[in-house]
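Below, each chain spelled out in residue letters.
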Amino acid sequence: MRIIETRDLTKVYGSNGNAVHALCGIDLDVEQGEFVALIGPSGSGKSTLMAILGCLDLPTAGSYALDGRQVEKLTGAELAAIRNEKVGFVFQQYNLLPRATILRNVELPMLYAGVPRKERRRRAQELLERVGIPDKANALPGALSGGQRQRVAIARALANRPALLLADEPTGALDSKTGQEVLGLFQELHAQGNTVLLVTHDPSIAALAGRRVELRDGSIFDERQQAVAA
Amino acid sequence: MKTTGAFRERLLEAWTELRENPGRSFLQALGVMLGVASVLGGFSISDSQRRQTEHVFARIGGIDKLNVLPTDTIYDGAPSALQSANLGLRLEDASDGGAVPSAKAVNATSILKQARARVRSEHADQERDVNGIGADYVPLNGYEVEEGRGFSAHDFASGAPVAILGAEAASVFFPSGDAVGKPLRIGEVPVTVIGVFQEKNFRFREGQQNIFAWRNKIVAVPSLLVTSRMNGDQYHRLDRITFRVPDLAAMANFSKELSSLVTSNHRLQKDFRLDDVQKRLQRQFSQGQVYNLIFMLSGVLALIGGGMVNVNIQLASLKERVREVGVRMAIGAPGSEIFKAFMTEALLLTLLGSAVGFVVGIVFSWTITKLIGVPLTLNGLSFLWATLMAVVFGFLFALYPAVKASRQSPMEALRYE
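Residue numbers (this note's numbering), protein chains in the order written: chain C, -7 to 222; chain W, 16 to 432.
Rather than coming from a laboratory, the hints here were simulated on the basis of the structure.
A hint or two may mislead.
Stated by the list, open to error - Partial list, computed: chain W residues near chain C (C-beta under 7 angstroms):
1) 33
2) 37
3) 339
4) 342
5) 345
6) 346
7) 347
8) 348
9) 425
10) 427
Unchecked claim - Straight-line Cα separation of at most 30 angstroms, DSS-like style, residue types lysine-lysine; simulated pairs:
11) W:419 <-> C:65
12) C:65 <-> W:355
13) W:334 <-> W:355
14) W:119 <-> W:271
15) W:355 <-> C:110
What the hints assert, rightly or not - Simulated restraints, written as ranges between beta carbons of each label pair:
16) W:42 <-> C:33: 40 to 50 angstroms
17) W:26 <-> C:25: 36 to 46 angstroms
18) C:117 <-> W:27: 15 to 25 angstroms
19) W:308 <-> C:132: 42 to 52 angstroms
20) W:430 <-> C:4: 53 to 63 angstroms
21) C:111 <-> W:309: 15 to 25 angstroms
Every residue, glycine too, gets a C-beta built ideally from N, C-alpha and C.
Let the sequences and hints guide you as you build the complete structure.
Written out as structure tokens, the structure is:
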């Protein structure tokens, strides 16, 4: 099963005279269960590609199929539904809702998906156990350490059993030890069969992934296929 | 959110948002509060006054009455034969009036024939107005017989020499308080007192004079007695005919038919006038409506002012919340959901503000009515109106920030620092 399939994906910001070509014809395929690291220096188009792959933005041209669904022509509301159903985001800054409890933060994607209250509760609690912080359900994000917050964010990303787990510099705000733990969690999730796309600028982190995709000036510069480690 | 509990969830989120930002929420609710208080207060005060006036009229037999009164006719030169032959308002007008097609709506008819006469008892001798009355006069004018009995059908039909006195008249002519059964002389006619009316008493404010004092001076006898033995008027001319028409819609029709009937009875001469009590009162009330309008307007202005403050506060807070909106969008909230969340917050804020506004409005109108000495009347409708207006303006002014929030691109919202 192919999770990501892009053909000639192009993104242009601005128009005519001062147009900026952020992406110039990306062809990228990711199979189910892959752990892919997307690397590249700043300005290489990483963020733009991630936004399009995460259905936060639409390409200017080219096609993109996510989990078998063509998304390049969808409306805002349809994209929101796709994000809700198929994509789990993990951000560098965690992006938890500061005034909602941990449990509610994890419940939120299920809330938008219309999962009944009891089921939501049960699954959110289950997810918190899975990421290793079962006892923090009623705390507010402010009371948690960075590593714990990122675990909550991962639990939230997994809430609707997404086809694709999209992590943008997930260890960027953590110290190296905590960062290692979080990366360990990603590896574990990968081992359980999740498809993970990790955006980073750190080659040592990229090395953990089964596959590296390097972006430069809006094009895939170098893709080295490696043997899947685990 | 697609589940049935979606609104509840939104309400919960909105409540969390308001509770976590008490200062901001208070400022936002302030305009709503003042507006609601003002609208409610205005309504309550004018309601209380109207209720008081209605109360007065209820005490004198209701306002659903149509009076027919004779007018003084001024003839241009010597009156013509036709004019001289005209007999004015008579008993026939009352009985014919009760027979027009639309008279179904009439549920009581009273007639009045007045005379000025010397009234004498063992204790007093005074010049008084004597009211010769018809059958329904007593209930139509809110009188109640307290001692003795009322007039019987036989009394009215035969013009029996009997009288009923108002409380004041009874105490003047019979200071010892045993009027019933005593003889009284009205002009040259000896009559027997058969009853005494209950005292009528009404004061707008404590310590003010009794505005119904004149009603206690009544000396009532059957109208036939006045026309046959006091004025020597064989034509039964009357000073007033009153019809009670409880159905307001039927009143207009009846008054038209009655007018044309009496005109033709009177050989096409306009020697009478109709006085629709309800209409007259409505004219008076409509002057009071001006104050209602002023309060209402100030309430609306407060709501608009508060609404504009809300727009500003919402837009400012949107900057703090733009990232949060981005996160919600990233995890699957469509723009419509963001819109609904903002609107729910506005609704909650409006309702909370209204609730506080109710309390302030009630205290406000209670104080004012206390000052002007009128009992406070609270009308459910005014609460409804005040809330309705607050919600309408609350929604109207919440629209812009809510639309702005919901139209953000999730990408840019997430990147916002």
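Hints, one by one, checked against the model:
no.: 1; hint: 33; result: violated, 11 angstroms
no.: 2; hint: 37; result: violated, 13 angstroms
no.: 3; hint: 339; result: holds, 6 angstroms
no.: 4; hint: 342; result: holds, 4 angstroms
no.: 5; hint: 345; result: holds, 5 angstroms
no.: 6; hint: 346; result: holds, 5 angstroms
no.: 7; hint: 347; result: holds, 2 angstroms
no.: 8; hint: 348; result: holds, 5 angstroms
no.: 9; hint: 425; result: holds, 5 angstroms
no.: 10; hint: 427; result: violated, 9 angstroms
no.: 11; hint: W:419 <-> C:65; result: holds, 23 angstroms
no.: 12; hint: C:65 <-> W:355; result: holds, 25 angstroms
no.: 13; hint: W:334 <-> W:355; result: holds, 18 angstroms
no.: 14; hint: W:119 <-> W:271; result: holds, 14 angstroms
no.: 15; hint: W:355 <-> C:110; result: holds, 23 angstroms
no.: 16; hint: W:42 <-> C:33: 40 to 50 angstroms; result: holds, 47 angstroms
no.: 17; hint: W:26 <-> C:25: 36 to 46 angstroms; result: holds, 41 angstroms
no.: 18; hint: C:117 <-> W:27: 15 to 25 angstroms; result: holds, 19 angstroms
no.: 19; hint: W:308 <-> C:132: 42 to 52 angstroms; result: holds, 50 angstroms
no.: 20; hint: W:430 <-> C:4: 53 to 63 angstroms; result: violated, 18 angstroms
no.: 21; hint: C:111 <-> W:309: 15 to 25 angstroms; result: violated, 56 angstroms
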